[in-house]
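For reference, the chains in residue letters:
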Amino acid sequence: MLTNFRQLTQYDEELGHKYIPDQTACMRYGNRSYLVQTDKNGFRNSGRNVEGEVNILFLGDSYTAGYGVNNSDRFTEIIESEYDCKVTNLAVNGYGVDQQVLAYKKYAKEIEHDLIIFMPWLDDLTRSCLKARMGFERSTGRKVLIPKPYFTLVNGQLELQNIPVPKERKLYEQAGTPGENEEKINRTNGHLLFPQYGSAASPEWKVNTPIINLLKELKQEKPLLILPLPMNASVIAKEPPVHIPLFKQFEDENTFVYDLSSILQENYDYKTESVYLKICRHFSKEGHQLVARELGRILQEKFKLKKRRKPLKNSIEGTCVLGISCFYHDSAACLIRNGEIIAAAQEERFTRVKHDKSFPLNALNYCLEAGRISVNDLEAIVYYDYESWTIERVLHNAHQLGPDGEAFWQLARQSLYKKLKLPKIIRNRTSYTGAIYKTQHHISHAAGAYFPSPFNEAAVLIIDGVGEHACATIAKGHGSHIEVLKQQFYPHSLGLLYSAFTYFTGFRVNSGEYKLMGLAPFGEPVYYDTIVEHLISIKEDGSIRLALEYFDFQKGEKMTGDKFDRLFGGPPRQPESPITRREMDMAASIQKVTEEIVIKMANHAFELTGSDNLAMAGGVALNCVANGRLFDETPFREFYFQPAAGDAGGALGCALSWYYENYPQVDKKAAEKESVLLGPSFSPEEIGAFVNSGDFPHHGFAAGKRGETIAQWLYEDKVVGYFDGRMEFGPRALGARSILGNPLNPEMQSKLNLKIKYRESFRPFAPIFKEERTSDYFDFARPSPHMLIVRKVRESLLKPRNEMAGEDLISTINQVRSEIPAITHVDNSARLQSVNPRQNRRMYEVLDQFEKLTGKGILINTSFNVRGEPIVCTPQDAYRCFMRTEMDVLVLGDLYLIKEEQPAFHEAMDWREHFVLD
Amino acid sequence: MYFELDKASSSYYIDYEKETPYSISAAPIETDDPLELAASVLAEFSHSTPEEKALFRPILEAWLLGADEREFIFSEEHLLSKKAEEVLHWVYEMF
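Keeping their order, the protein sequence lines are chains A and B. For the first sequence, the numbering used here gives the first residue as 1, with consecutive numbering after it. For the second sequence, the numbering used here gives the first residue as 1, with consecutive numbering after it.
Hints are supplied without guarantee of correctness; some may be wrong.
[Claimed, not checked] So the derived label-pair ranges between C-beta atoms look like this:
id, chain 1, residue 1, chain 2, residue 2, range
1, B, S9, A, K563, 20 to 26 Å
2, A, T812, B, S46, 47 to 53 Å
3, A, P571, B, E52, 35 to 41 Å
4, A, L798, B, K7, 43 to 49 Å
5, B, F74, A, K238, 29 to 35 Å
6, A, T530, B, E52, 32 to 38 Å
7, B, L65, A, T530, 46 to 52 Å
8, B, F74, A, T140, 25 to 31 Å
9, A, R782, B, D33, 52 to 58 Å
Hints were generated in silico from the structure; no laboratory data involved. All residues carry an ideal CB built from backbone N, CA and C; glycine is no exception.
Next comes chain A alone, as it looks inside the complex:
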């Protein structure tokens, strides 16, 4: 429904709306995006440190604000770049003449200016007659009327109405008052010509004449240049500028009117974007250049404005490279600058489609926004995969299948074609004209594991389902280089083996693997021997060979075949059907096999590299139970697991791989990154704009009491939705988009599963705790900042097992196993996330305050979403999730919202039907 994850405008009680202050946003429109930067007052000024002989202030609407183009491509900034002047742009999308004059009245006194350039689009004269303007409400997508201030004439005098501007927005279709409906009439007749602008007797001129005179009065003796912008239809139809004589009435010794109609008409070409953007008819980049040329000529001629000796340049510092992964699962984009990771995000967070594999346009735009660059400022875009090698593998696969190969090829080639056309898709969706590269899939993973790690040399181990050919890779990283040593090739894949069991036990492949891992402790590994005797041959070095006759994944339709069914006593479990002992035991068995193979592979990586350090990535590196065993069962001393170990992390790795291959002299330290908080953040202004726009009751924390207040709620067993700072990159919520609960309450696990997350009751919850308390709670004494390590709860905290408890799943879950029961899994394990003040000061404060209340600096931390939903990205996502569930409190940065205070929440459809269960 929404096209941009950023809210760009906010309610303003004097102007109706204006931009959110201090905002950088890469806004989508059509096949492109454009970069918006706003200043502290909420206007589109880039904050360049520019000096000029003349200070110019612009007034206008979206044409002058620059809808659809970057700040730097607008005629206002072109003028500033080329002429000896400093420009302030007070234009805002959707403003009528009245709002433009009110903006001048409110802000001009604090802005130094020698000249005012007033550029009303003719439609703005109509807007001055309206009480409201049409807009789309972001939270619902409904067409609404957004109130605005307006003037009426009372005894020939202007009287300002609607102040403070009402917040309430009426539904567009239901609005009945004449003033509001005029907007509707005007829109539906948008392509007709507009005689009213040439008639002094029209309502438009009756209202706007005194408003423009008010502007003249406010500006006092300062020169005013009026450049009315004709309606697009008039330009296309090459109509005479009938409005100009009426504007001429305002001319005097320091007010001047110029007409741009002829220059626009002469240059308009319907086939190109010589003047207007094709989609929305605002000025194109070329149109802005055209206006800048004409305006510059006028300024030189009339105001003797001098050209700069050298035009100012918007220089981009450093080499910016964008990595993207897509078209398999978990599409993502990542921006690096001079090797440093600037931003990364998964597309699913923006589209709200779990594991979204589509072209990551939103994530890409977010990365550009974070880097404050446009797409053509990039040195390269890098894709995380050699599509030609994947095609090669698929052809080999099809060939090997014999007669069945044709069907497999037909099935596979559709998605392959899209991969093959990726460069064209990039150019089509982004207008990018620069170089495009591709990096091998496992090299992308290897670079994503090694370069951000704190090691200057390391063994690198990559294990996943399949890249192009490789399913496992052992490499060595040293300095700025990665050297691949060994690979395990398709179809003999540990990742695919695990996914086959994921499928067979009724979970979704490429998504439900972590559920299988969570289910494993409920079972016994009774099928271990069956697996190693029938399904797989394992060498001492961890390399494997699958008995392919048991699997169907080579045919592409399902993961396991009839022979597999017979081996395990029946067909696969149907998704959502009851989980039986068989599934639990199968989970335990394949988990044990997987752990053993991973340990063997890691040991072999140690033998090959001799390094003390191990860096891991690939989907299997998300198997945190296996990761936990590596500390005890391999000779490595230090470990780094790429937090976005799956395909999303490939976006990060391919950019780093390309960069260090092309800039090998750059120290690897530039890429080292402990934090995975690489996604969008939302300023207090933007969060404030959200809650105010929706009129959602909210509170600010008492000074210095934020952590204490949140800890108190948690102590009272309230469930808190916690949204703060930059979003995490990767599958785990690490305290930026988290749901927090009291881990000391034995009932909290089932409460969270059933009333908040709406998911299977067996699913465990992970703890977040103060780093220095790690060994107090667990059999582990190292930091674990990324929740990728499973270890046991410390024995001294365990409670005696209740032998009277039943053997069924629910009884087992409900047993109180430790002093921190809600995060203690059935095998007394937990998936650890430690936090120190450097990593997340505000979360640490909450933990610290909770420790003061309870003696334990530990909380439940689960991802801020419901089952099947991607983790929330925006304040709006967070609010929606909060209202759909039985969460008690929502923390949005410095604000909090209490459930009981919120208005009733209505949705057109049941959200449970919206999310595909994983």
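Got chain A; can you put chain B on it based on the hints?
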């Protein structure tokens, strides 16, 4: 043929032989000529014998000659005509 693994071998791993940079230009596949595209894809194959490449060439060519990119390459005219409501959203998306 890399599907075949020698059970008697002490390892199922394959040695990696690096011949080109890990990151290569996508320019060779940026062509709208299906036959040229097929040739570029084939030229990048790294785990096929000449005989296998000869076998795969006609399959690739037939596929690419019949493939249609219109499903995912959008013209702005398409956006104008098919997604008018979405265009309105871009322009009028407010609070």
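Each hint, compared with the structure:
{"no.": "1", "hint": "S9(B) / K563(A): 20 to 26 Å", "verdict": "holds (25 Å)"}
{"no.": "2", "hint": "T812(A) / S46(B): 47 to 53 Å", "verdict": "holds (50 Å)"}
{"no.": "3", "hint": "P571(A) / E52(B): 35 to 41 Å", "verdict": "holds (37 Å)"}
{"no.": "4", "hint": "L798(A) / K7(B): 43 to 49 Å", "verdict": "holds (45 Å)"}
{"no.": "5", "hint": "F74(B) / K238(A): 29 to 35 Å", "verdict": "holds (31 Å)"}
{"no.": "6", "hint": "T530(A) / E52(B): 32 to 38 Å", "verdict": "holds (36 Å)"}
{"no.": "7", "hint": "L65(B) / T530(A): 46 to 52 Å", "verdict": "holds (48 Å)"}
{"no.": "8", "hint": "F74(B) / T140(A): 25 to 31 Å", "verdict": "holds (26 Å)"}
{"no.": "9", "hint": "R782(A) / D33(B): 52 to 58 Å", "verdict": "holds (56 Å)"}
Hint compliance for this structure: every hint is met.
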